[in-house]
Amino acid sequence: MDLDFTAAEDAFRAEARAWLAAHVPAAPLPSLETADGFAAHREWERTLHADRWSVVSWPEEIGGRDASILQWLIFEEEYYAAGAPGRVSQNGINLLAPTLFEHGTDEQRARVLPSMASGEVIWAQAWSEPESGSDLASLRSTAERVDGGWRLSGQKTWSSRAAFADRAFGLFRSDRDGLEAGKPHRGLTYLMFPLDADGVTVRPIGRIDGKPAFAELFLDDVFVPDEDVIGAPGQGWQVAMSTAGNERGLTLRSPGRFTAAADRLTALWRSEDSHADPADPADTALRDRVADAVIGARAYQLFTYANASRIAAGGSIGAESSLNKVFWSDLDIALHETALDLLGPYGELADEAEDAPAHGSWAEGYTFSLAGPIYAGTNEIQRDIIAERLLGLPKGRR
Amino acid sequence: MDLDFTAAEDAFRAEARAWLAAHVPAAPLPSLETADGFAAHREWERTLHADRWSVVSWPEEIGGRDASILQWLIFEEEYYAAGAPGRVSQNGINLLAPTLFEHGTDEQRARVLPSMASGEVIWAQAWSEPESGSDLASLRSTAERVDGGWRLSGQKTWSSRAAFADRAFGLFRSDRDGLEAGKPHRGLTYLMFPLDADGVTVRPIGRIDGKPAFAELFLDDVFVPDEDVIGAPGQGWQVAMSTAGNERGLTLRSPGRFTAAADRLTALWRSEDSHADPADPADTALRDRVADAVIGARAYQLFTYANASRIAAGGSIGAESSLNKVFWSDLDIALHETALDLLGPYGELADEAEDAPAHGSWAEGYTFSLAGPIYAGTNEIQRDIIAERLLGLPKGRR
Amino acid sequence: MRFLLDDEQREFARSLDKMLGGAEPTAAIRAWAAGDTGPGRALWARLAEAGVFALAVPEEHEGLGLLPVELAVSFGELGRHAVPGPLVETVAAAALLARLGGPVAAARLPGIASGRTAASLCLLSPGSPYALDGDAADAVFVVDGDTLRLAESTGPVQPSSDPARRLSRPVGGTVLRQGPEVVAAAAHAAEVAALAVAAQALGVGRALLAQTVEYVGGRKQFGVAIGSFQAVKHRLADTLIALEFAEPLVHAAALALAPGDPGSRSGFGSGRAVAAAKVAACEAAYAAARSALQLHGALGYTEELDLSLWIRKARALRTAWGTPAECRARVLAR
Amino acid sequence: MRFLLDDEQREFARSLDKMLGGAEPTAAIRAWAAGDTGPGRALWARLAEAGVFALAVPEEHEGLGLLPVELAVSFGELGRHAVPGPLVETVAAAALLARLGGPVAAARLPGIASGRTAASLCLLSPGSPYALDGDAADAVFVVDGDTLRLAESTGPVQPSSDPARRLSRPVGGTVLRQGPEVVAAAAHAAEVAALAVAAQALGVGRALLAQTVEYVGGRKQFGVAIGSFQAVKHRLADTLIALEFAEPLVHAAALALAPGDPGSRSGFGSGRAVAAAKVAACEAAYAAARSALQLHGALGYTEELDLSLWIRKARALRTAWGTPAECRARVLAR
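Chains as they are written, first to last, in UniProt numbering: chain A, 1 to 398; chain B, 1 to 398; chain C, 1 to 334; chain D, 1 to 334.
So that you can see chain A by itself, here it is in the shape it has in the complex (with noise of 0.2 Å):
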């Protein structure tokens, strides 16, 4: 049992410092959720896959460097740590990427990969609907058989991303036959889409500080070729599901992310940023909420290398990605709560005011964590999965 680094893994992570360091912007950019700022993300993104930075898990021959889930974290980390720009890409890097390596055709990873990993092609999600959040198996939204391919109709919604992406993907139920046997799982299919296409109205949805960080998707008899389809019609649900547990569990929200945060967070704490006023080092309160804060970042850290270091050694994680996904959400967002806190009054500011903290976007780092416990789902789907899968616990009516 080690957590020792190979002089590989350290090289990997001084020349992707050195190249942070040369390349993240000076000043915060724009919220990605606004268009200024979502277009300014996108450029970060050329630049970072310039230099074979934006994708480095993928292989060599498609922009990345083949790194192991290790370097992977340990770009994360460096990537948190310089402060570098949030990632508008990461719904098709995290989502729909790990779908293509495992059931995409040679066709369709040629065609939609590259432009993915350079930031031409943004994708957005397109998982619920307006009926159907945690309960996603119940889908509604169709894909009828045409020639050639497949016509799509219905509604999604809470579709990240979508304000200002170029394309989508989601599930559409080809077949009812499944949803009348009361196997609503069944009969789904996995398909990609154009936002601009004949019949997709796309209406951006504020989020809670009024950006649009999602949409809602209305489609009306949508055309998609039948290279759009992943994986066999019909399947879709087993498709979708095949690449969530493992990796993807993992991959979420990256340590780095935390780790990163609880160091500005304890750099606040320390006043060096000089917009706080000096901390009191004896206010105990606020000194326990910071140190749970960089204890919890590294407990997260730590679980993570532990999962690597299983999957690396042939292991695999399934319904312990649940325990995942509640902790870092409820981390993150009492790790913001009491950044809020140590700011007194101007922790009530908008990062937009002129008065607002020089580093840490903390309005919007809270505000972003409040999505945590509801997406991906809810963090009481994710205890009951913990309770039923994890401790064998009787399943019941919720």
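No wet-lab data here; the hints were simulated from the structure.
Worth double-checking, as some hints may not be accurate.
Using 27 Å as the maximum straight-line C-alpha spacing, the simulated DSSO-like pairs for lysine-lysine come out as follows [what the hints assert, rightly or not]:
1. A/Lys395 to A/Lys183
2. A/Lys395 to B/Lys395
3. A/Lys183 to C/Lys220
4. C/Lys220 to A/Lys395
5. B/Lys395 to D/Lys220
6. A/Lys395 to D/Lys220
7. B/Lys211 to B/Lys395
8. B/Lys395 to C/Lys220
9. D/Lys220 to B/Lys183
We have chain A; now place chains B, C and D onto it with these hints.
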């Protein structure tokens, strides 16, 4: 709206305070969950009774003072502020007596209440059975009709005070029809019985600190005469429940206990207890927890004043007593955990330890507090009641 | 003792509730956040007509005297409907001027009572550098140590995470009064402000709970209403408990601020009583906001659902006029 | 990096678990609490035979060297079975003596490694005035500032709320060593002790969770297993989460204490790493105890159910060898 006391109430408070100052034992009595302590506490009940302080809210002719709810609250505030001993007779006074006042016969009241007031007879409750904890309606112990009375058989458990008490009261199934018809609340009869009767075996059970705070009762064909049935046979559930909601919701734990405990906690935090190390006033983590205990105790006191005012104005409280139960039980644990943390390395000591703090009985108080969320309906059940009856959320399988 | 609102107070609450419910306050809030204070000022006039601001103005200045219980009752309803504007600051300014008396009080208080004057108030060090809605207020009062000023103008609006709260720094201005009486009056005004915030937070929390109870009773997942899930039930039960036990603290704090101060009888003077009410009510409201957001799922995370108006206010009230830490320290002060 | 226990370490844990499971430790705990240390010492001898104490003793003194990972693994199992006695104090004393070296080390360490010597250790100011199980130990070491003493005797037993922990104040004794090296060695010993407590707490928490999961799966109320209630499920899910995330902190703390200190690479030196592990593991175990007690209902509140042995230990470990507040301060120390 006011918080004013009348001159008569002030005089009542002054009289109680003076009497307590003159009579409360200087050294704490041994724990009432031990044989010696039980005897000492019974003796203390006699002392209270001699000057009509044991049952202030009862009529004058049976040893009380006809005190209003508000006077009772005043008495309790003074009682606990004076550091007076725990009430070994509380099962009888708080649980059995209200039922006798409402459903008992004149003969029963004349026979039972005076010896309860004097501490001559100490009562244990006998509600739970091994398979019926929160699900009280599923009781299985039986009362079989015989000439002139009933014969009790079965097993009761978690009978508090029963290790040393004289008599007990509880519900027994006198008719199986309700149970078989899926209406388990029907066919129960409310009975009183002596703990030294033929056929009764009392097996004391050690609380988590080892003290025999409750007992199992094995009943083997125990004869009870008709005169010891309260209310109509078969109507025991209604008899037991009819007094459960109203004043009993207030009297289960009086606010005076918590305001006094919060004052002791504040004194401990201020190092007025000679035992404690001086607290750093800047140690805000502990300060905040002490403040929360003070605020919680005050809130509970005020909430109770409001309820007492509502009852005095002819109103009643029903499911609202579940709010009370959850609030005080959570408060009690938090308050005692804070005390133990204030005591640092001394927080681990049992109260019997030579080095234990002179004031507070913090270890015993902590142990006692842990039972709060369990007894008298677990807090899980109480939260279900709050959600369904006060918020109107749909009933569901839990 | 009759620690219950009387019929008249209840009726006052009901009539405010009814008036506000019919006045489309959410449109006024969204307009206010966008810089259009017109609908908000129209609402302000109706509140003045109902007597809300007069509750903080003595009778000799065309008010109803300081009536803290009625003030708490009305701020409960203002919170329930998330009414925008420098409501707290206006009654706190009234309390400050009333305590100081003299020509300044005579000049300003009648306008506050009648609703002509929306005031803001900024207590610097300790306090906040910002005046709430200073750009929209007719008068911005500033206390710095023992000096009371009327600000000349305010700096640029500093967006709050609750856009309906427009913060700015007061600039310059003329000295209205100087001396130790200013310090004492400002302390009194801060207590009135904290009481008003506590009452407002309680109303905000009640509204959040009510909206959430309604939502979870209707929203179905896995074939049943999510309100039948025990985890949902228990979270809302805890929300109710916190609000129910904060309410008597708010009422007691109001009594402690009433002339004659009966609250001090049980050792809870107005400073401690207000601080206890503020922390309990604001923490309860913030917890209600967190629960409302979580149980509404993604819908609760949107700005277009009116719920967001209350969620954002709950967060901001938590630190306004006394952070939780400051309040807890005050509860234990001797 | 391979941040996983290897097969040998897993097998060591399994064999200890099996041995302890067959050794009726609960009888030994109850006897120990009653002052009969016989069965506890018999268990002690078997632990020594399995090599547990040798893990803290260098090879030159008949030990296996300081092997912190294996130490953490074995204390996890000691916690899982709630083994009584001055286990932590003995390995901490070994670490202290090993760091000091010299004749004292040579005289005492072989006995510790072989299980002949059960030691207690008391670090005064800052620390605790008590030696755990000093009355049952063969040697009670006391560090006061820069002085190491061997206590002559111990005062009367001061009952702990965990009766299996027998506390007493060490009395008198001879000076074994004096100087700055004592201060440094004591600091090292305190870290080893905190690591051992953290690992033990993790085992205690795991045992509490396992017993509770089993109970709620069988116990029926309202016609169904209480483990099917969502409130019960979520509480136990949270218990598992806290334990699962404490475990890697304990392992990392062990690595940080290993000679060569690779843990310092990521900025977590042994002091911070041990403190983080201690607070996370002990809070997780205490929360597990609270959940176990609540979900067992009245049964969990009894002394006769063996569960009580773990519940009481979880509470005591929380403050032993570093309170949560001390640990959190240390995590942020530079």
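Hints, one by one, checked against the model:
1. A/Lys395 to A/Lys183: holds, 18 Å
2. A/Lys395 to B/Lys395: holds, 18 Å
3. A/Lys183 to C/Lys220: holds, 18 Å
4. C/Lys220 to A/Lys395: holds, 19 Å
5. B/Lys395 to D/Lys220: Status holds; Cα separation ~19 Å.
6. A/Lys395 to D/Lys220: holds, 14 Å
7. B/Lys211 to B/Lys395: violated, 39 Å
8. B/Lys395 to C/Lys220: Holds. B/Lys395 to C/Lys220 sits at ~14 Å (cutoff 27 Å).
9. D/Lys220 to B/Lys183: holds, 18 Å
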